[in-house]
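Asks: Sequence:
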Amino acid sequence: RPARGASPAPAGRERVRVRFSVARELSFGESMMLVGSTDEVGAWDTDEGLALDWHEGDVWTGSVTLAPPSAPDAARGGEDGEGGGGGGGGQAPLLFKLVVLRDGAP
1 RPARGASPAP AGRERVRVRF SVARELSFGE SMMLVGSTDE VGAWDTDEGL ALDWHEGDVW
61 TGSVTLAPPS APDAARGGED GEGGGGGGGG QAPLLFKLVV LRDGAP
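Note that the UniProt record's numbering numbers the sequence shown so that position 68 is 68, with each residue one more than the last.
Please note: incorrect hints may appear among the correct ones.
Said to hold, decoys possible - Pairs of lysine to any residue, SDA-like flavour, derived with a Cα cap of 25 Å:
hint	residue 1	residue 2
1	K97	S37
2	K97	V59
3	K97	W54
4	K97	S31
5	K97	R24
6	K97	R17
7	K97	E25
8	K97	T61
9	K97	R15
10	K97	A51
11	K97	D45
12	K97	T65
13	K97	T46
14	K97	S63
15	K97	F20
16	K97	F28
17	K97	L26
18	K97	S21
19	K97	W44
20	K97	E56
21	K97	D53
22	K97	G62
23	K97	D58
24	K97	H55
Hint data in this document are derived by calculation from the structure and do not stem from the laboratory.
Work the whole structure out from these sequences, hints included.
Replies: What follows is the structure in structure tokens.
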């Protein structure tokens, strides 16, 4: 799904394509979505998040174009599936989580 509300990167900083890949077996009728703190990943709205595509071997993938974080660790995922990190330079870090949808609903 195309990103909603995508804005240009700050001056001197190019946007980057970020690819997500998650190995997770789900039940029939379930799907996986990534939502997060920026408009490009839904601004925490599961109706607007990044729907991940299923691939053989129960691997879910998706990609989105984002402004790069200010610090190397400002966009990262934790063991619980939530992203977060140090950030800096006046730009908030990218926070995200994975959501399992059952028959289209979180």
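Asks: Holds or violated: K97 and S21, Cα atoms, limit 25 Å.
Replies: 13 Å, holds
Asks: Between the alpha carbons of K97 and H55, is the straight-line distance 25 Å or under?
Replies: 20 Å, holds
Asks: Does E25 sit within 25 Å of K97, going by the straight-line distance between their CA atoms?
Replies: 17 Å, holds
Asks: Would the pair K97 and T65 pass a check requiring their Cα atoms to be no farther apart than 25 Å?
Replies: 17 Å, holds
Asks: Quick one, are K97 and T46 close enough, alpha carbons at most 25 Å?
Replies: Measuring from Cα to Cα gives roughly 11 Å; hence the hint holds.
Asks: Assess, step by step, whether the Cα of K97 is no farther than 25 Å from the Cα of W44, and give holds or violated.
Replies: 9 Å, holds
Asks: Quick one, are K97 and F28 close enough, alpha carbons at most 25 Å?
Replies: 21 Å, holds
Asks: Does the alpha-carbon distance linking K97 and D58 stay inside the 25 Å limit?
Replies: Holds, because 18 Å separates the two Cα atoms, which is no more than 25 Å.
Asks: Given the hinted pair K97 and A51, is their alpha-carbon gap at most 25 Å?
Replies: Between K97 and A51 the Cα gap is close to 12 Å, so the pair holds against 25 Å.
Asks: Quick one, are K97 and S31 close enough, alpha carbons at most 25 Å?
Replies: 14 Å, holds
Asks: Hey, K97 versus G62, does the alpha-carbon distance stay inside 25 Å?
Replies: Satisfied, since the Cα-Cα distance of roughly 13 Å is no more than 25 Å.
Asks: Given the hint that K97 pairs with E56, does the C-alpha gap stay at or below 25 Å?
Replies: 22 Å, holds
Of the numbered hints listed earlier, not one is contradicted by the structure.
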